[in-house]
Amino acid sequence: MTRADKATDPDAAREAMLDPDAHYVSAEPYDPAADVQALERSDLDASTAALIWRRFRRRRLAVISGIYLLAIYLALPFVDFLAPYDPAQRNPDAIFAPPQAVEFFKDGHLAVTYPMRSEIDMNTFQPVFTPDLDDPRPVRFLARCGPVYTLLGLVETNMRLFCPPEGADLHLLGADRLGRDIHSRIMHGARLSLTVGLIGVVISFAIGMTLGGLAGYFGGWTDAAVQRSIEIIRSLPELPIWLALSAAIPANWGPVSVFFMISVILGLLDWPGLARAVRSKFLSLREEDYVRAAELMGAPTRRIIMSHMMPNFMSHLVASATLSIPSMILGETALSLLGLGLRPPAVSWGLMLNDALDLTAVEIYPWLLAPMVPVMMVVLAFNFLGDGLRDALDPYS
Amino acid sequence: MLEYVLRRLWHMVWTLLLVSVLIFWVVNLPPGDYLSNQIAQLRASGEASSIAKAEFLMRQYGLDQPLWKQYLIWMGFWPGPNGFSGILQGDLGWSFELDAPVADIVGEALWMTISLNLFAILFVYLVALPLGTVAAVKANSAIDYIATFIGYIGLATPNFLLALILYHKGAHWLGLPVGGLVSKELADAPLTFEKIRDIATHMIVPIIVIGTSGMAAMVRRLRANLLDELAKPYVVTAYAKGLRPAAAIVKYPLRMALNPFVADIGNMLPSLVSGSVLVSLVMGLQTIGPILLGALRSQDYFLSGFILLFISALTLVGMLISDLLLAALDPRIRFSGRNA
Numbered sequence: 001m002t003r004a005d006k007a008t009d010p011d012a013a014r015e016a017m018l019d020p021d022a023h024y025v026s027a028e029p030y031d032p033a034a035d036v037q038a039l040e041r042s043d044l045d046a047s048t049a050a051l052i053w054r055r056f057r058r059r060r061l062a063v064i065s066g067i068y069l070l071a072i073y074l075a076l077p078f079v080d081f082l083a084p085y086d087p088a089q090r091n092p093d094a095i096f097a098p099p100q101a102v103e104f105f106k107d108g109h110l111a112v113t114y115p116m117r118s119e120i121d122m123n124t125f126q127p128v129f130t131p132d133l134d135d136p137r138p139v140r141f142l143a144r145c146g147p148v149y150t151l152l153g154l155v156e157t158n159m160r161l162f163c164p165p166e167g168a169d170l171h172l173l174g175a176d177r178l179g180r181d182i183h184s185r186i187m188h189g190a191r192l193s194l195t196v197g198l199i200g201v202v203i204s205f206a207i208g209m210t211l212g213g214l215a216g217y218f219g220g221w222t223d224a225a226v227q228r229s230i231e232i233i234r235s236l237p238e239l240p241i242w243l244a245l246s247a248a249i250p251a252n253w254g255p256v257s258v259f260f261m262i263s264v265i266l267g268l269l270d271w272p273g274l275a276r277a278v279r280s281k282f283l284s285l286r287e288e289d290y291v292r293a294a295e296l297m298g299a300p301t302r303r304i305i306m307s308h309m310m311p312n313f314m315s316h317l318v319a320s321a322t323l324s325i326p327s328m329i330l331g332e333t334a335l336s337l338l339g340l341g342l343r344p345p346a347v348s349w350g351l352m353l354n355d356a357l358d359l360t361a362v363e364i365y366p367w368l369l370a371p372m373v374p375v376m377m378v379v380l381a382f383n384f385l386g387d388g389l390r391d392a393l394d395p396y397s
Numbered sequence: 001m002l003e004y005v006l007r008r009l010w011h012m013v014w015t016l017l018l019v020s021v022l023i024f025w026v027v028n029l030p031p032g033d034y035l036s037n038q039i040a041q042l043r044a045s046g047e048a049s050s051i052a053k054a055e056f057l058m059r060q061y062g063l064d065q066p067l068w069k070q071y072l073i074w075m076g077f078w079p080g081p082n083g084f085s086g087i088l089q090g091d092l093g094w095s096f097e098l099d100a101p102v103a104d105i106v107g108e109a110l111w112m113t114i115s116l117n118l119f120a121i122l123f124v125y126l127v128a129l130p131l132g133t134v135a136a137v138k139a140n141s142a143i144d145y146i147a148t149f150i151g152y153i154g155l156a157t158p159n160f161l162l163a164l165i166l167y168h169k170g171a172h173w174l175g176l177p178v179g180g181l182v183s184k185e186l187a188d189a190p191l192t193f194e195k196i197r198d199i200a201t202h203m204i205v206p207i208i209v210i211g212t213s214g215m216a217a218m219v220r221r222l223r224a225n226l227l228d229e230l231a232k233p234y235v236v237t238a239y240a241k242g243l244r245p246a247a248a249i250v251k252y253p254l255r256m257a258l259n260p261f262v263a264d265i266g267n268m269l270p271s272l273v274s275g276s277v278l279v280s281l282v283m284g285l286q287t288i289g290p291i292l293l294g295a296l297r298s299q300d301y302f303l304s305g306f307i308l309l310f311i312s313a314l315t316l317v318g319m320l321i322s323d324l325l326l327a328a329l330d331p332r333i334r335f336s337g338r339n340a
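Protein sequences, first through last, are from chains A and B.
As numbered in our numbering, residues 1 to 397 make up the first sequence, in order.
As numbered in our numbering, residues 1 to 340 make up the second sequence, in order.
Treat the hints with care, as some may be off.
Said to hold, decoys possible - With a straight-line Cα cutoff of 20 Å, these simulated EDC-like cross-link-like pairs (lysine to aspartate or glutamate) come out:
{"no.": "1", "chain 1": "B", "residue 1": "169", "chain 2": "A", "residue 2": "358"}
{"no.": "2", "chain 1": "B", "residue 1": "169", "chain 2": "B", "residue 2": "198"}
{"no.": "3", "chain 1": "B", "residue 1": "169", "chain 2": "A", "residue 2": "363"}
{"no.": "4", "chain 1": "A", "residue 1": "281", "chain 2": "A", "residue 2": "223"}
{"no.": "5", "chain 1": "B", "residue 1": "138", "chain 2": "B", "residue 2": "229"}
{"no.": "6", "chain 1": "B", "residue 1": "138", "chain 2": "B", "residue 2": "228"}
Unchecked claim - Here are the simulated distance ranges between beta carbons:
{"no.": "7", "chain 1": "A", "residue 1": "287", "chain 2": "B", "residue 2": "228", "range": "23 to 31 Å"}
{"no.": "8", "chain 1": "A", "residue 1": "293", "chain 2": "B", "residue 2": "8", "range": "37 to 45 Å"}
{"no.": "9", "chain 1": "B", "residue 1": "171", "chain 2": "A", "residue 2": "148", "range": "42 to 50 Å"}
{"no.": "10", "chain 1": "B", "residue 1": "236", "chain 2": "A", "residue 2": "25", "range": "34 to 42 Å"}
{"no.": "11", "chain 1": "A", "residue 1": "363", "chain 2": "B", "residue 2": "9", "range": "45 to 53 Å"}
{"no.": "12", "chain 1": "B", "residue 1": "243", "chain 2": "A", "residue 2": "361", "range": "52 to 60 Å"}
{"no.": "13", "chain 1": "B", "residue 1": "224", "chain 2": "A", "residue 2": "287", "range": "26 to 34 Å"}
{"no.": "14", "chain 1": "B", "residue 1": "224", "chain 2": "A", "residue 2": "290", "range": "30 to 38 Å"}
To be clear, the hints were calculated from the coordinates, so they are not data collected in a lab.
Every residue, glycine too, gets a C-beta built ideally from N, C-alpha and C.
With these hints in hand, go ahead and build the complete structure from the sequences.
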C-alpha cells in the first residue's frame, strides 16, 4: 500500500489517523483487561493448595522422587508377596552364590533362568558357580513356594509374585554367607530401614514443635533455655552419642522394642533443627495482624496457635522433616553396621551391610554391597523431594 | 575484639560443662557397670583376691557413691575418696576392662584423632574454596556440573561405601595402603620422618572419605552465595572500571561470600567428627573411634565418658575457632552481640 492509495481509501485514512506510523493493527476485537490479567486472575483466585501443586509439578526430579517413594512405601505391606524367598530361609547349596541371570521372553516363557552348578576350585577351595546355559528353566509367576506367610494379617498363603523354577534357585542379587537370598532380604529389610526414619521424624517433630513453639510464643527465659539446649545438642557429634545411647539398650529386649528404641534415639538428637525453624516462624507470625486480631477478639492461646498460626508454618515444617528423614536412615544403617543398632533376627539394610564390613569379603563377593543401592536411592529421593517441597510450599515468594 | 573472645570463651566453658553432665548421664544409663558385673562374676567363681581388687578399685574411684557425687568426683570438682583427683586435674581415671589408666590407653589415639580431623577440615577448605568459586563463576559449565555431581555423591553415599571404593581403587592404581593409620613395622617406632611419611600416606583415603560430604555441602553453599554476589551492581561496576576478572571476583564478591562459608565450618564440625568416628571404626584406624566402641560395649565408663567428652570438646573448640575467624573476617559479627 502506498501513500497515494491511503489518501483515497477512507479506512486507510482512519487507520493512519490512529496510527500515524502505519503499524499493522489486527482487526480482531481486543479487550486489554481480559488479555493482560487472564492468567494472573486465576492465579490470584487459586487456592494455596492448587498453587503449591502447580509449582511442585514443575520440579520434575521432585515429582519422580515422590512417586518412587510413594510406590516403595505402599509396597511395604506386600513385601512377603513380592519377594521370592523368606528372609531367613537358608540355602546351603547357594552359600555366596553370585547374582543369577534372567532372560525375558524366551522359549515361549515370560522369563527363564539358568540353574547354577557349583564346583570346588581345588586351588582356592572356594566354590565356583557357573550357570548351566543348556538348561533354561521358566520362572514361575504367581506361584506357590516357600514358607506360609500372613498377608496383611488376614490371609494365610504361600502365593508369591514369582517363584524360583522347579529344581533350581533364583538368587537375582546373589546369596550371603548363609545362602540367604539378598534380593528378598533387601525387600524385607526395607520395612525396618524405611520406617525407622518415619518414627524418628515423628518423635523429633513432637519434641521440636513443642519446644520451638514454647520458646517462640512465650519468649523470655523459656526461649533462652530452649535456645541453649538447641545450641548444645547441635554442637554434639551425633554418631558417638547415638552409639552411647544404643549401647544402653538392654541386651535382653526383643527386636520390636529395640527397633522402637533406635527410632527414638535417632529422633532425640534431630529435633534442634525443627525447633529452631518453629521458633523463628512463631516469632515472625506473632507480629502478624491476624494474630493480633484474634487476640483482641479474645481467642485463647491454644486456638491462636492451633488454628491460626499452625497452618501457616506446617507446610514449611513438612519440608524440613522430609529433609531430615535421610539422615535417620543413614543413622540406622551406621548403627546396625557397627552392631549397636537392630539385632540379627531382624532384617535391615544396615544389618545386611554388617557382613560387608569385611574388606576381603567385599573383594570376592561384591554383591554383598547390594543393599547400598537402595540406601543411596532412598536418600537421594528424599533429598530431591524435600528440596522440591521446600521451593513449592512458599507459593507467594 | 578481646571482649568478644572472652565472651565466646565463657560461653564455651558453660556449654562444655552442660555437655559433660549429659555425657556422664548417658554413659551411666545402662544398668550396672563393668566393675559390679565383674564382681558378680567373680563371686560366682569365688576368687577372693580378684574380688578384693575390684572392690578396691570401686572405692578408689568412688563408684559406691551416689551418681551426682560420682559426677563431681569424675570431673574433679569434689575430691575423690582416696586421692582420685578427676579430669580437671589431669587424672582421667582407670579403664577397668583394659586394666590401665585411661590416659595411657587413649594417649597416641588422641593425637591421631586431632590430626585426622584437622587434615579433613583442611581438605574441605582447600578443595571446596576453588571448586565452589569456579562452579559459581563458570555457572552451567562442565566444571559446574562436575561439582554438582560430586555434591550428590557426597550427599547420598554413606562414608563407609566411599571408603571401600577408594581403598580398593587406591590400592589398585596408586598402591596406597589399605586400612589402619600406621604400618605394622612402624607402630611402636619413635616419631621419625619415616613414620610421619607412613602416616601421611595412610591418611590420604580417610581424609577424602571424611571430608567429602562436608566438602560437597560447602561447594553448594559457596556456589549459591557467590552467584548471588556476582549478580550485584558493584561487580558490574568493578568490571566496567576495567579491573582484571580475577581481581574483580576475588577482591570483593568472594570475600562477601566467604562469611557463610566460614560460619558453616562450625556447623559442619559435629558431622565431620562423627564421620571420622564411623570411618575409623570401619577402616580400623588407630583413633579413639574403635576404643570408644569397645568401651561402650563393656560399659567401661571412665574410658567411654572421657572419649565422648574429648570428642565434644574437640568439636566445641573447632566451633570456637571458626567463630573467632569469622569475627576477625567480619566486624559486623564482633559488634552485633554487644547490645543483645
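(message) Under the constraints set out in the numbered hints, which ones does this structure not fulfil?
(response) none
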